[in-house]
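Could you put the whole structure together from the sequences, leaning on the hints where they help?
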Amino acid sequence: MADFNLTHSDPSTIILMGIPGLEAAHIWISIAFSMLYIIGLLGNFMVLFVVGKEQTLHKPMYLLLCMLSLTDIGSSTSIMPMALCIFWFNLKGFTVGGCFTQMFVIHMFSVMQSAVLVAMAFDRYVAICNPLIHTIVLTNARIAKLGLVGLIRAVVLMLPLPLLLSRLPFCSRIQPLSYSYCLHPDVMKMACADTMSSSFYGLFIVLSSLGLDSTLIILSYIMILQTVLSITSWQERLKALNTCVSPTCATLLFYTSLISLSMIHRFKKKVQPQSQILLSYLHLLLPPVLNPIIFQNYSTNRKNFLTVRVVKHWNK
683 MADFNLTHSD PSTIILMGIP GLEAAHIWIS IAFSMLYIIG LLGNFMVLFV
733 VGKEQTLHKP MYLLLCMLSL TDIGSSTSIM PMALCIFWFN LKGFTVGGCF
783 TQMFVIHMFS VMQSAVLVAM AFDRYVAICN PLIHTIVLTN ARIAKLGLVG
833 LIRAVVLMLP LPLLLSRLPF CSRIQPLSYS YCLHPDVMKM ACADTMSSSF
883 YGLFIVLSSL GLDSTLIILS YIMILQTVLS ITSWQERLKA LNTCVSPTCA
933 TLLFYTSLIS LSMIHRFKKK VQPQSQILLS YLHLLLPPVL NPIIFQNYST
983 NRKNFLTVRV VKHWNK
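Per this note's numbering, the sequence shown starts with residue 683, numbered consecutively.
Read the hints as simulated data drawn from the structure, not as lab findings. Be aware that a few hints might be false.
[To be verified] Derived DEER-like restraints, expressed as beta-carbon distance ranges:
#	residue 1	residue 2	range
1	904	945	52 to 62 Å
2	978	886	36 to 46 Å
3	888	850	13 to 23 Å
4	878	741	43 to 53 Å
5	826	874	40 to 50 Å
6	728	830	20 to 30 Å
Beta carbons are placed, not taken as given, at the ideal position from N, Cα and C, and that holds for glycine.
What follows is the structure in structure tokens.
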């Protein structure tokens, strides 16, 4: 393959990492990643197409699925073009501006996906704990507003990241990043100046977005579990829990891989770099593939249980 690497001495260039030790297998790895990427695109575009085509599916729960599909498409697409350049052409040099843009997009979609999972947990809470007001509280307009608020929050929170880093000087000899794409903690270490403000702001983002979102999700499912345990019929309990399986699996898939990647990055000296980089790709490529499968039976189970719960509340 032709080597288009830019030199390390160029201060305007950031060097991305391939998969060290597996350079000979880059082509085969790229084929596997490309297949995951294409399958994820097909699955999520199919969700968008079916919901958009079928008028009967223009309901809040399907809008949430569409939002999740859009975040999955965006997060995987944000890394694949540059990854393929590394695997196919060994093009590891990335401009600082391009790296900042990719960093902003990756983190923005991550925060946006977290917001969608919170909305899904809230949908489950209202449907199970207060089914009579479900159709009143969660309308199409309110779901669309929640999606817009989630997008605005993600953009507003992430916009200062590249702005803070752009004010810092970068070393004339930049070491390669730990991953095959740009993440804030990695890029921040490339600066030849005090990064305290950028570091504190990154921590603020984690606590105010992912930390807050995960707390709200946990509280929602705790209240759901309390309501489910108060149901006398075992069959109704199982039906209620069954409607929570898909959103819970999607939440665990997102947060488990994210936490695992964060822990590996923190203790990376004890972890092989190949494992670290492969997990970083799987974190962004697996959810788009699995989420359409996870939610395949979500709507049917949800609709059946909601109907039963509303009837029982009216009979009381």
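Here's how the hints hold up against the structure:
no. : hint                    : in the structure
1   : 904 <-> 945: 52 to 62 Å : 24 Å, violated
2   : 978 <-> 886: 36 to 46 Å : 38 Å, holds
3   : 888 <-> 850: 13 to 23 Å : 20 Å, holds
4   : 878 <-> 741: 43 to 53 Å : 48 Å, holds
5   : 826 <-> 874: 40 to 50 Å : 45 Å, holds
6   : 728 <-> 830: 20 to 30 Å : 24 Å, holds
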